[in-house]
Amino acid sequence: MTPVLSLRGATKRFGGLVAVDDLDFDVAEHDVVGLIGPNGSGKSTTLNLISGALQPTAGSIALNGSEIAGLPAQDIARRGIARTFQLVRPLASMTVLENVKAGAVFGHRRRWGRDAEAQAMRMLEKVGLSRRAQAPMGSLTYIDSKRVELARTLAGEPKVLLLDEWLAGLNPTELEQGIALIRSLRDEGRTIIIVEHVMDAIRSLCGRCVVMSSGAKIAEGTTEAVLSDPEVIRAYLGTDDA
Amino acid sequence: MTRPEVQSLSIGTVLFALAACLPFLSDAYLLSIGVTIAMYTVLATSWALFSGPTHYISLATAAFFGLGAYTTALGIEHLPYWLLLPIAGVLGAVLAALVGLATLRLSGVYFVIFTLGLAELVRQIITWGQNMSGTKGLYVLTAITEEHIYWQLTALAALVFLTGWLIARSRLGFAVRILGDDEEVARHVGIHTARVKVLLFMVPGAVAAITGAMLAPRYVYIEPAIAFTPMLSFQVVIMALLGGTGRLWGPIVGVIPFTFLWEAISGTFPNQTTLLLGLAFLAIVYLLPNGFTGLLEAARSRLKGAPA
Amino acid sequence: MDILFTGLLLGGTYALIALGLNLQYGMARVINLANGETLVAGGFGAYWFFTAQQVPPLLTVFLVAPLAFALNWLIYVVVLRPLVKRAKSRGRIEVDMILTTFGLSFVAVGLMLALFGGDYFSYSYLARPITLIGETYALNRVTAFLGAALLCVALWLWLYHSRTGMSVRAISVSPESAGLVGIDVPRLAALAFALGGAITAMGGALVSMFLTLDASTGVIFTLKALIIVIMGGVGDIRGTIVAALLLGVLETFVATVIDPGLTLASAYLLFILILLLRPQGLFGRSRT
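Residue numbers (the working numbering), protein chains in the order written: chain H, 3 to 244; chain Z, 3 to 310; chain A, 61 to 348.
So here's chain H without its partners, still in its complex pose (with noise of 0.2 Å):
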């Protein structure tokens, strides 16, 4: 079976420093797959180069087998890759509908008018929202307005989900719903990439991991075996004899 997303030597350069090395992976259909290592290891530039936010210097980067690598972001949206980022970026002018509407509208399967607020609906119920929907975004906490923006990238019927530290700064009974809410998700057979420091999240929600440090992937396998592989604490925790 083809993978549904492949990373074959994705590079990214920033003058000297190489902030992606030479990145390969694969993402197959319904897997919920964890990008994880320490700070500064490169996991958001991966994602910036898979939503074309960034270009890649190098590489190939393919949307069920057809190449999106260099592409603009919109081109890649449209392709059906959709993702939150790691500061949630509201549209504060709007309501949570409209919001959530926009994904709708202009994301990866496209509707207008009545359908698509029907389908911002169906989001909104899905992350628990539904009844704030008149609301002005300026009103949210802070973890419904990551719920709003979860139900906006849901709206366009994504092939490949892209979370970046969703679970960030959330307490601990929001983490739990947070966590159960991306849980439905996999349930539902969505193809996710987590960008993640909760482990406790990782472990419960996802199958495979890809473990990266310094910009190269390092370890790539089952959660488990991923996270008990020397090589992976190590990278997490520095060595000692430095």
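Keep in mind the hints are simulated off the structure, nothing from the lab. Note that the coordinates shown come from a computational prediction; the quantities given were computed from them, not determined experimentally. Cβ coordinates follow ideal geometry from the N, Cα and C atoms, glycine included. Misleading hints may appear alongside valid ones.
As the list claims (entries may be wrong) - Derived, one-sided and incomplete: chain Z residues facing chain A with beta-carbon distance under 7 Å: (1) Ala104; (2) Leu108; (3) Gly110; (4) Val111; (5) Val114; (6) Gly119; (7) Glu122; (8) Leu123; (9) Gln126; (10) Trp130; (11) Thr276; (12) Leu277; (13) Leu279; (14) Gly280; (15) Leu284; (16) Val287.
As the list claims (entries may be wrong) - Just some of the chain H residues that point at chain Z, by a computed CB distance under 10 Å: (17) Gly54; (18) Ile78; (19) Arg80; (20) Lys103; (21) Gly105; (22) Gly109; (23) His110; (24) Arg112; (25) Arg154; (26) Thr155.
Add chains Z and A to chain H, keeping to what the hints say.
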């Protein structure tokens, strides 16, 4: 259509019908003020359609206006006047598209700088063209009266409002609201932001060019210094921002008082108009960041929020 | 050959003016659309001191500099800084700065019109020919160029070899990190803005030796300086100088060979090329 939509549409129709009756008062001074107000309403409203949601300050109005005026001046000998208006519109839209393609991919600063000199650039090129061909100014001699110009402008204003209303209901209008809030998000939900901006910028480009074409007969004699007055661009920006760009009818709230103020100042202290422009800019930034309509809305929401 | 040298002479003064703007835009992060008015005011100063007090313009340069410095410092602290403080987003600051500096520019033009009237002003100083390598040039142009070149070198030395200059460059690269290493960012931004104004005013005094100015010509200089700064790269001293010389030569070429009325068109030609091919500036690395 929903009920509030039908309501605002009928109110709009009545107001335009009333405005169209002004020439029947047969007062020459009122009519000339009416032409000025109608002209700035058209220019400022179409300006705000693009610059309001995108926050790209366009100073190109004078360039489009001059282009339109020259379309009439050069074409009146060869083509019927009614054909020149759409031609001017197309030329304006094309110029806007070219400017947009060069600058709208980049940050707002580049756009401001580019449009700031655009009128002067077109003026220099036309002057040069006239020097080469040995012509100076051009006479526009027609049977078109001040009343005709007023009615044309009023009709154009109605068209601009209709266009704005249709855009607001369209995907284009939704897209531009999103990118006005956050361009990065807009791109990532799948909006081709550069295309949206260029398309939308063609609207004020076309409208200002048509306005210029309509007003050419009023000037009778057209030369570059008359057709391309950079002041026009700044006045339009001030009027639109003074009124507020959050609503379709916002700019007109700025156009009317500023036109009277301008008439009064240029009548009594003709040398101080520049100073007035400067102070108006500062007043907008420091006192009226959301324009008169912003003040109204704030007052309304305070009333609503207050316990009854 | 003649065109090349005349162009370089003109470009040298452009370089000084654009450096002033670049200090304000690149270092203090204010896109100052009233920059051209500072220049015209400097020119007025030179004109007035020369015709009324017989002070030679080369000396006036040092008289207008502190005045412009103080005025620009005041404008930055009183008018512009509150905008930065109240703004919710970077985009809002940008729009506010553009509108405010436009406002200031119109106010300045209005005041100069009220004080000096709308006439062109020019005076005759060092207006005699000088022969260099077989060609004749106006002595005032050569003098202005030399003055501008000296000031450019002085500015460069200050920016690259003094502690304060280094800090000013640091805030242009990253105001956040500059603050972290103990640089007083607000004070230095004000300093850069004021210094930029002073340099532009000195440029104006030099330019007035050979160009005819009037109260409302400022905007053309603002425009050219902006185009030079964008072409050379925001915050890039070397780029600014190269771009200014390039514009000086191209403008002189167009004025001599095609038509003197098309100087702005030639600046726009460069501008469009830069926007389409290298929006990050001549030597800039693409920002990602």
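(request) Provide an ascending list of the numbers of those earlier hints which the structure does not satisfy. (result) none
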